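Given the structure of chain A, go ahead and fit chain B onto it with the hints provided.
Going down the list, the protein sequences come from chains A and B.
Its first residue numbered 0, the first sequence is counted upward by one per residue in numbering that gives the first Met the number 0.
Its first residue numbered 0, the second sequence is counted upward by one per residue in numbering that gives the first Met the number 0.
In case anyone wonders, no lab produced these hints; they're calculated from the structure.
Keep in mind it's a predicted model, so treat the numbers as computed, not measured.
Note that beta-carbon positions come from the ideal geometry of N, C-alpha and C, so glycine has one too.
Certain hints may be false.
[As the list claims (entries may be wrong)] Over 10 Å on every C-beta distance to chain B, these chain A residues come out as not near it, computed from the model:
| hint | residue |
| --- | --- |
| 1 | 45 |
| 2 | 78 |
| 3 | 166 |
[Claimed, not checked] Which bits of chain B does chain A cover? Going by a derived footprint, with three or more residues having C-beta under 8 Å, they are:
| hint | segment |
| --- | --- |
| 4 | 16–27 |
| 5 | 55–64 |
| 6 | 68–74 |
| 7 | 139–149 |
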Amino acid sequence: MPHSPLARAALVTLAVLVVGAAAFFAVAWRPTIALVAAREKPDQHEVARGAELAAIGNCIICHTRDDGAPYAGGRPIETPFGIVYSTNITPDEATGIGGWSEEAFRRAVREGVSQDGHHLYPVFPYDHMTKMRDDDISAVYAFIITRAPVHASAPADPLPFPFGFRPLLAYWKLLFLDRGPVPADSTQSDEWNRGAYLVEGLAHCGACHTPRNALGAEERDKAYGGGESEGWIAPALNAASPAAVPWNADRLFSYLRTGWDDEHGVSAGPMAPVVHNLGTVPESEVRSVAAYVAAVAGAPTPEREEAARKALARAKGEIPAASEGAGPGAAIYVGACAQCHGEAGRHPLLPALDLALSSTLRNPRPDNAIRIIRGGIHPVAGAAGPLMPPFADAITDAQLVALLAYLRAAFAERDPWNGIEDAVKRARNMEAQQTRAAQAARNTP
Amino acid sequence: MIDLNVNGNVQQVDAEPETPLLYVLRNDLKLNGAKFGCGLGQCGSCTVLLDGAPIFSCLVPISLLEGRKVTTLEGLGTPANPGVLQRAFIDEQAAQCGYCIPGMIMRAQALINVNRNPSAAEIARHLQPNLCRCGTHAQIIKAVQRAAQLMKERSLTR
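Isolated chain A, as found in the complex (with noise of 0.2 Å):
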């Protein structure tokens, strides 16, 4: 039977399509990994070797919501994609991973791929578990199957066109999951390339301190260079590192160890959960981890440590402030921040930071500063750490800008920031949404 010319093009563009659909589906495509009615009782060691891992790998923290059940998930994480909630992972049978079988939990961890087959966002940084070592994975998957199992749901809210079509995540594997260990190194020492396997892969340092893309995969060429974690800069640990004083490896050993270094100052955000699981694994994994960032930092410059010397001579009041400066600013610090950080009244037992050694003052913005005056600093829920009190209800925003305009230039030895007004309304509407998806993800059943 002839075919006029056009229905001859639209069966040609059928064709074009089914095939392309095809093939689209079979790069995208993952099967279902049977769900497992049993299993054995796994071996106590390998579940407190897990437990460790799992602390190591922080876990807990995405996957807890606030007030919630450890690892039963709902919470909410800030992408620049929308809002991802994390998912359950206790072993409930019918919310969490309870029938996974440890072949699931494997390919979920190196892969991103959930036992049903459907792709996993990389906010679940498998591009870094990629490079666990098969027992370690088996000693998590141990840990994580015997916590109690919870019931419990995260709100279904699927991330905007098109990032909600999650089989496009096939081809952002294609592009950007590097697969296979960590390469040891022999020319460097054993907790080097111990802290190397952990840094890299389980602990996923580089998922907050490393820039990302637009298709939100992490700048492999800037490893380290500074990125961005739930609204809060994770500053660089490169060369680039904002602190007064450079980092070394006993310095990051105390801050990673206890949340609080006497020349850098007190973990707050999105770090002070981590350092505060970082506390309850050997020692000996945490002055790995430590040995390692210490070498990513590498050997400061001269100009640097002169630097660092004129800021430890400030904060020990040896020589005066750069810019004492007057105005409204600088009543705000007197007044408000002075009881603590300035030094008449430095108390013995709450030690506070000179703001002359303060990273978060020299970060290229001021959101960090921003965040923690608003929102002070507090302990991990149930233990003991530095508090410093919230000043959002004190403070009004043309004021903020009046003291963050005034500690940049007394105390950061740096150019002024720009659009400090901006951050502080970027700031505020992040909180914002921040308190309507955790009331979402409480509300979910």
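For chain B alone, kept in the frame of chain A given last:
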């Protein structure tokens, strides 16, 4: 000179702009409800309301307060005619030494202004920044619930 609106009265205060509100309340205005505990924003005994929200008055310089409304314990009632929450604290005998109680009452007031039916857990979470070393927490929670209930019944608004 700074104009301060405290409990509805606008008063001129002659103090340095960085002076903490607590010092002005107690020393200049003779309002001794708010207490000096730690002076570091750690204990909550200096809590007052600023435009309805609880703040630590020991860490808020008066330069921040132009055009804003401060409410102290004295603004809630008098010994002869205590406010609903003050009455409830008395009825539940929620004070031991009493030093933290003005701060507790002020922070609790901020809660029951917006929530007339707070659960014990909500009250505990809300009052978490305020410390009580005597340990009357159970009575404090009951007092807040009693006051919230009364306010609901009377449909009072403050």
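Checked hints:
{"no.": "1", "hint": "45", "in the structure": "holds (36 Å)"}
{"no.": "2", "hint": "78", "in the structure": "holds (28 Å)"}
{"no.": "3", "hint": "166", "in the structure": "holds (42 Å)"}
{"no.": "4", "hint": "16–27", "in the structure": "holds (count 4)"}
{"no.": "5", "hint": "55–64", "in the structure": "holds (count 8)"}
{"no.": "6", "hint": "68–74", "in the structure": "violated (count 0)"}
{"no.": "7", "hint": "139–149", "in the structure": "violated (count 0)"}
Violation of the numbered hints given earlier is confined to hints 6, 7; the remaining hints are satisfied by the structure.
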